[in-house]
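*Asks:* Model the placement of chain A on the given structure of chain G, informed by the hints.
Number of protein chains: 2
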Amino acid sequence: MKFSPLLTQLIESLRCLPGVGPKSAQRMAFHLLERNRQGATDLADSLSKAVNEIGHCQQCRTFTEQAVCDICSSPKRQASGLLCVVETPADIVAVEQSGQYSGRYFVLMGHLSPLDGIGPDDIGLDQLESTFAAGGIEEVILATNPTVEGEATAHYIADMAKSFEIRASRIAHGVPVGGELESIDGSTLAHSFAGRRELE
Amino acid sequence: MKFSPLLTQLIESLRCLPGVGPKSAQRMAFHLLERNRQGATDLADSLSKAVNEIGHCQQCRTFTEQAVCDICSSPKRQASGLLCVVETPADIVAVEQSGQYSGRYFVLMGHLSPLDGIGPDDIGLDQLESTFAAGGIEEVILATNPTVEGEATAHYIADMAKSFEIRASRIAHGVPVGGELESIDGSTLAHSFAGRRELE
Chain G
-5 MKFSPLLTQL IESLRCLPGV GPKSAQRMAF HLLERNRQGA TDLADSLSKA
45 VNEIGHCQQC RTFTEQAVCD ICSSPKRQAS GLLCVVETPA DIVAVEQSGQ
95 YSGRYFVLMG HLSPLDGIGP DDIGLDQLES TFAAGGIEEV ILATNPTVEG
145 EATAHYIADM AKSFEIRASR IAHGVPVGGE LESIDGSTLA HSFAGRRELE
Chain A
-5 MKFSPLLTQL IESLRCLPGV GPKSAQRMAF HLLERNRQGA TDLADSLSKA
45 VNEIGHCQQC RTFTEQAVCD ICSSPKRQAS GLLCVVETPA DIVAVEQSGQ
95 YSGRYFVLMG HLSPLDGIGP DDIGLDQLES TFAAGGIEEV ILATNPTVEG
145 EATAHYIADM AKSFEIRASR IAHGVPVGGE LESIDGSTLA HSFAGRRELE
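Those protein sequence lines, which keep their order, are chains G and A. Letter 197 of the first sequence, counting from 1, is numbered 191 in my numbering, and no numbers are missing. Letter 134 of the second sequence, counting from 1, is numbered 128 in my numbering, and no numbers are missing.
Next up, chain G with everything else stripped away, as it sits in the complex (with noise of 0.2 Å):
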């Protein structure tokens, strides 16, 4: 069975959404075009002023169309001290949604792999250094994921923080709250066993 061409394109150009197969795709493309079109306008408008007009913020590098996001430019928050290092602009959300942290982000859009090329550069760590040179910052909180790559690379920036005197620290991985012991890793219990803290 062959669609239309303009269909068949659509549905295609569905599939480049994460999660959607080609079954998905033609089910969202009938869905569109049968009962919301205004829908389907919206998300085309929606989608090429995001493309053309959302860069990353000049110090955080996260996602925003101004120059400097919001939490960059807040005086409060430049007046912490602190700067959380993650890996994507989800990882603020997920941060900020806890409600604990009132410092500045940094944003490295991936993390050190050197097995694909990517390397200090190519995450921001140029502009990371710069951050640190120009002061302000007491403390660097490495909230990179509890991957393999995401401990390297962790561990090579808390060295670049040390080379300009800024303390710098690890979140603490352990078991999640509300879940059950029998049901972790064994990685994440050794975790949890080496970061103990006395009970007071």
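Note that these hints are calculated values from the structure, not bench results. All values reported here derive from a predicted model rather than from experimental measurement. Any given hint could be a false lead.
[Stated by the list, open to error] No more than 20 Å apart at the CA atoms, straight line, and that leaves these computed lysine to aspartate or glutamate pairs for EDC-like:
#	chain 1	residue 1	chain 2	residue 2
1	G	Lys17	A	Glu81
2	G	Lys(-4)	A	Glu90
3	A	Lys43	G	Asp85
4	A	Lys(-4)	G	Glu6
5	G	Lys(-4)	A	Glu47
6	G	Lys43	A	Glu28
7	G	Lys(-4)	G	Glu6
8	G	Lys156	G	Glu145
9	A	Lys(-4)	G	Glu176
10	G	Lys(-4)	A	Glu81
11	A	Lys17	G	Glu145
12	A	Lys(-4)	G	Glu47
13	G	Lys17	A	Asp110
*Replies:* Below, chain A alone, put in the same frame as chain G:
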């Protein structure tokens, strides 16, 4: 956590896709901005082209950007004397994939549903009547869904066909090929017994 206005708008717009909730929309937006801006641009183009140019086939009402779709303009299908009535364009795909049918189609784009205010004219039955009146159809195959509304619609169209002395048939309902009897619901099994055929 508030995103920048354009990013918020993009995430909201992505939620018009079926099966996409707030979390998936966020993941899609970040994926497109981080890794596939070209894909996002192509998707925006395809969406606006599709919305502006794809309409309904003048004969069978399926989606096409031409006046008459490929199936309806095929002389071989025209000559078959068969017309298959389905509820949605996606149903045409399903029937075509079976490879067993080589006639024309008529797409209702819905089914009769008096409670929702959907009457015969809303699903194009006036147009179907003109098709019947134009002649050239020997049999109409009713392939609406086996729901209450689909059955009612099938019976309504069968009555219409009779008044033009056109044979009307309903696709068989029964145990799906490869299905296991113990996992089939009673109503399907009842259809399956009622529609049994003698072995030759």
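*Asks:* State for each hint whether it applies.
*Replies:* We went through each hint and held it up to the structure:
For the hint linking G:Lys17 to A:Glu81, the alpha-carbon distance of about 18 Å falls within 20 Å, and the restraint holds. A hinted pair counts as satisfied when its Cα atoms are at most 20 Å apart, and G:Lys(-4) with A:Glu90 qualifies at roughly 9 Å. With a CA separation close to 35 Å, the supplied pair A:Lys43 and G:Asp85 exceeds the 20 Å bound. About 32 Å separates the Cα atoms of A:Lys(-4) and G:Glu6, which puts this hinted pair outside 20 Å; it is violated.
Between G:Lys(-4) and A:Glu47, the direct Cα distance comes to roughly 18 Å. Compliance with the 20 Å bound is thereby established for this hinted pair. Annotation: proposed proximity of G:Lys43 to A:Glu28 holds, straight-line Cα distance about 15 Å (limit 20 Å). Simply put, G:Lys(-4) and G:Glu6 have alpha-carbon atoms about 13 Å apart, close enough for the 20 Å limit, and the pair holds. Annotation: proposed proximity of G:Lys156 to G:Glu145 holds, straight-line Cα distance about 17 Å (limit 20 Å).
The straight-line distance between the Cα atoms of A:Lys(-4) and G:Glu176 is roughly 37 Å, outside the 20 Å bound, and the hint therefore fails. At most 20 Å may separate the alpha-carbon atoms for a hinted pair to count; G:Lys(-4) and A:Glu81 meet this at roughly 19 Å. Taken as a hint, the A:Lys17 and G:Glu145 pair is broken in the structure, with Cα atoms around 26 Å apart against an allowance of 20 Å. The hinted pair formed by A:Lys(-4) and G:Glu47 meets the criterion: a straight-line CA distance of about 18 Å does not exceed 20 Å.
Between G:Lys17 and A:Asp110 the alpha-carbon distance is near 29 Å, which puts this suggested pair outside the 20 Å criterion.
Violation of the numbered hints given earlier is confined to hints 3, 4, 9, 11 and 13; the remaining hints are satisfied by the structure.
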